[in-house]
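Could you slot chains B and C onto chain A? The hints should help.
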Amino acid sequence: MSGVIEDEILQMYIQESKEHLEDIETDLLEIEQQGENVDEDLINKVFRAAHSIKGGAGFLDLTNIKELAHKIENILDLVRNGQMIPNQDIVNTVLEAFDYLGELLNNAVDSNAKDISEHIEKLTGLTVSSLPEAEKESVSNLVDVSHKKVPVSFSLTEFDLKNGRQGGKLIYIFEFDLIKDMERQGKTPFDLLKLLEDGGNILDLIVSMEAVGDLDDEEISPRLPMYVLYSTIIEPDLVGSVFGLSDTCIYLIPADHESMESSEDHAEEETSEVIEEASPSLPAKMPPPPEKAAPKPSPRPDKKKTIKSVVSQTDTLRVSVGVLDQLMNRAGELVLARNQLIQSISTGDKQIIAAAGQRIDLVTSELQETIMQTRMQPVGNIFNKFPRIVRDMAKNLGKDMELELEGQGVELDKTIIESLGDPLTHLVRNSADHGIESPAARKEKGKNQTGRILLRALHESGQVIIEIHDDGKGLDPEKIAEKAVSKGLISEDEVKTMSAKEKVNLIMLPGLSTAEQVTDVSGRGVGMDVVKTNLDKLGGQVEIISQLDKGTVIRIKLPLTLAIIACLLVSSANERYAIPQVNVGELIQVPAAEVREKIEKVGDAEVLILRGELIPLMQLGNVLQLQNTFYNPRTGTYEVDRRHQLVDERILTDTEKTSDKRENTDEELTTAERRESYASDVKIVVVQAGIHKYGLVVDKLHDTVEIVVKPLGRHLNKFEIYAGATIMGDGHVALILDISGLARAANLRTMAETDRAKQIAAAETQAKEGTSRQTLLMFHNGPDEYCAVPLHMVLRVEQIKSSDIEFKGGKKVIQYRGGSLPIYALEEVANVEALEDREDLIVIVFIVAGHEVGLLAVPPLDVVEADLKIDEETLRQPGISGSTIIRDETTLMIDVFDFMKELNPQWFESGTEENGLSAETSKTAGNCSDVLLVEDSQFFRDQVRNFIETEGYAVFEAEDGIEALQVLDEHIARIGLVVTDLEMPNMDGFELTSRIRKNERFTHLPVLALTSLAGEEDVTRGREAGIDDYQIKLDKENLIKGIHKMLHQG
Amino acid sequence: MSEVSREGEKAIVKPDQNIVVPLAKDFKGELKELLHDGITHLIINMEDVNMIDSEGLSVLIAAQNSLQKLGTSLELFNVSENIRKLLQNMRLDKRFIIQDS
Amino acid sequence: METDKQHPDRGSDFIQLSCFYLQDTFCGLDINIVQEINEDLQITKVPLSQDYVIGIMNLRGQIVTVVDQSRKIGFEPSVISEDSRVIIVNSQNEHIGLLVDRVTEVLTISTKDIADAPSNIEGAQGKFFKGVVHTAKNEILALLDVEAVLTEDHGNDK
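Here the protein sequences come in this chain order: A, B and C. First residue of the first sequence? That's 1 in my numbering, and the numbers climb one at a time after it. First residue of the second sequence? That's 1 in my numbering, and the numbers climb one at a time after it. First residue of the third sequence? That's 1 in my numbering, and the numbers climb one at a time after it.
To be clear, the hints were calculated from the coordinates, so they are not data collected in a lab. A few of these clues could be false.
List of simulated lysine-lysine pairs, DSS-like, C-alpha gap at most 25 Å [as the list claims (entries may be wrong)]: (1) Lys149(A) with Lys85(B); (2) Lys180(A) with Lys85(B); (3) Lys162(A) with Lys114(A); (4) Lys94(B) with Lys194(A); (5) Lys85(B) with Lys18(A); (6) Lys180(A) with Lys25(B); (7) Lys45(C) with Lys683(A); (8) Lys496(A) with Lys801(A).
Just chain A, same shape as in the assembly (with noise of 0.2 Å):
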């Protein structure tokens, strides 16, 4: 028995351990009392003195002191990472252990002999409870972990080799020769545990002395090995030099295998077999998170951090070199920069200062593109480990496939990547599980055995698409839809106007995917949803494109970095906000005068027509429901605009005609006026977003700036119309629009994607174009009658139910926008069937000499482009032109205009005696309302003539002159108004003009000039031929009003 000789290094560890122990108890009564919000440091130095007593018990072979620690250091743990919080009963249970490891401590060399089984319990119950249910058994399962070229082999339980893992540590076998240390002088191994200790954790400690050999031996090895079993942050290049080891005496234990087969290792990853005894529950249970290798399938309620089992989640970063010379340099010329600046500013000369602060200007976004680009990690450090669980996930299925990796250098910023893996690991998965098909079924198809699943990443426009092929069973969308509409999500109606890739897409709504059975289809949208959340938190977008039987592709859009994004800014109601630029498609402004033309009603909804393309049509301010604002150019300020659809641009009714009159007010614009300034104009972001396309009409757009994006806070980042928030230039607050989640709220439907939407714009793209082709809308009147107008005539459609039709003096009429409409069933005139009796109506809305009028139809309606052969004579009618055969079937052509004058003659009439003409002439000239054109140019010609066939007017066209002399001789009958271009060849308008008023029988023509002159001399010549009127030739607007007014004035 050593009593006399001192034993010094037992003493100064005793010494030492009880120094760690003084503390200890004010400590953990202040970590008690902070409860939740346990301060950091307080509980790391805690931790640290059961750590390190720990350590060098197991040197000192004093194993209940080294076991009582361990237990202690569990708990401690736990409560460092936030799984438990020390509440009065765990801190008194690790005081009173801590107490107990100073007695110990205090007569160390007859500590082992000592019974430590109560406290032992008491911890180790403490520990199982705070774990969730499937990790408690870790606590006390074992697990070998050894490696081929070490000769001895350390146990642990699960628990502690989990740990050892958590936060990416690595875990390693360090061989470490007593007696080469004792050779260094001064170097005891205590103060290498010490070492150690600082660095990491020791999870266990053996001294190998059978490693030596014994006398019989040849050649007895002069090396007395301690291996140290470590886990650590340190990454194997560095962990040599940290410790003092050569690297042949390092051994990396890697993920998954807890014990090494294969022959390479020194430092290096291996992925061999695996081999884990003493585990009994292993295939049911999730093995430790290893730092790159697959994570929990399913998402695990984590009290407070989640331990991030793809990229490992640590607080420190990677940087190249060269991105860090970069960012030197960058700060070296902000320095510069920022130097100028003073010296500039104390010279008080503004170009200088101008300069200088552009300086600093380009120089700091460099320095903030040149900082972000130090968080961009390539995409391979997610994509590496998938390989693998395709491999495993074969196997596991019976099913026969590859993964293929492309673009594993693409950059993402770090965030977005150690996001990614989640929602990655479940769509790979998907593919695997419910993508890929068995081999039989695969060789059934005539497809090759393996299936191949390609992950891809690459650079388009900005963003960075990740892409998960899959050459399997493909999405039927059908039976998508169908699910959908079974669950309620969408309507049969919604369904119905639905593309089949629109169809395939919706296995993203939540609840398309309720695990009663796994069927194919819930398979695949299990947990999609979420991975369309999470993709939606990062701003990423998900598109799935699917063939059956072909395959799957599903389509991740993403930000490049996370935090700054270029955006252009808009405002509406006074209010700017932000639309990032990857959404923003073009920009167009429609001049006031065009808006009726482009923007038309299809159903409830506006839409665009931008070459051919319908693209429906949102107004910012009513989907945030602001009180819309417009320019009013005599007070310079923007007011309350009552108007509430754009195509309520349109012509004057005669009501509306004379209120304006009353209302014309100093301060209140005229109508007229309103249309005309500048600002009325319709400013419209075309914007996409998945499939989401439409048209986000604004009152003014402003800049694309580039702005720094903040998240909102808790109560407001759950709204889907919102991405976030910034700060301006000027400090004030933007809102940033989440394209999607606007179309979303807004209940917008992709118009653009049905096909009858898609004919109606081919049809107006035609009629613009002026080809022979008629396009014309088809309805129905009685069943078997089908009925055409040419579709350019029409204003309007409207659904409507015929409990609608109301009775006011006699006349139907429905409520319609704040007013009656008139409407009319064609029996009304024309000798047809009655309209059939039916709940669902449509109303076909012209306007008519001015007027709105309904006619009922009944749907459905079709669209149809015909070279018309109309017969002219067999069916006529009052109200009805002729017929055609379209698609087999006798059509009648509806004439409104004639229908109308039936009905409604009065409208038509406009003789008065206020004027003083003859009875004669103001009766000839009561049955006139035709008018003449005189345009020499077709295009003009062709335009205006549009114009005036709309408002339902018949047009004579004459080129010059003298042709219009001619169709006035023959028509004057019918014609009641000359509109004339002024510059013509063989005789101009003033020489036309003048022989009209010389004509008795022409004389009384109100004549209008069409012009795209305005100088003075014109006006006084043009009154003195006898113009009544100058219009601009394209004025749409005012041309018709003109010519409303000289029909009907006389």
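Below, chains B and C alone, put in the same frame as chain A:
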């Protein structure tokens, strides 16, 4: 060479110099022979040993390993302060039996 | 920041309250969670948000939600006046602004003096309050439970 006195299965070995290279090997040989000769208890008088190097240490450890197989432990006495500290540092003093005299 | 020492075993302690008026009600909240009090009320509206959210503001680069406390707890909505202030508090690791009508002084009160809150305080539900205190000046001071006031409510979610 060391002085050896035997007593049945015991042998007391007294090396006459420091157990260092190149003599450590010889020392090893000596001990080995003793064991082959039926000795089961080895006691080493360290009186004249003032220094021991890695080779020497490994010989002692090897001896210990061999003796363990026979069920005994290596005994040392008259161990100088330095050497004792050394052995303590490596916790070898817990493996060997170190006597005072 | 001091921790709120209200451990029952530790005996009576004092707490400091930042006090203000919501309508005519004298209220206070634990100064430990108060970050600062702001006079500058440039608040950007957030259309379609909850009715008790007035909007968001820029707090040195951070976007802070500003809540109309009055409205949330059941009083009439606040009318912004010259005396109005926004108290920035820490709640669940986030800074949130609370609109108040008028700020008064900081009061120190003893925890012993805190009585249970009645179920209804001048029209506001008792659940928003931790208790009431009679101050030295013989006023009734209602202690706000800020976490209760700041529970999220997504009725307007679209």
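Here is how each hint holds up against the structure:
| no. | hint | in the structure |
| --- | --- | --- |
| 1 | Lys149(A) with Lys85(B) | 31 Å, violated |
| 2 | Lys180(A) with Lys85(B) | 15 Å, holds |
| 3 | Lys162(A) with Lys114(A) | 30 Å, violated |
| 4 | Lys94(B) with Lys194(A) | 22 Å, holds |
| 5 | Lys85(B) with Lys18(A) | 23 Å, holds |
| 6 | Lys180(A) with Lys25(B) | 18 Å, holds |
| 7 | Lys45(C) with Lys683(A) | 23 Å, holds |
| 8 | Lys496(A) with Lys801(A) | 20 Å, holds |
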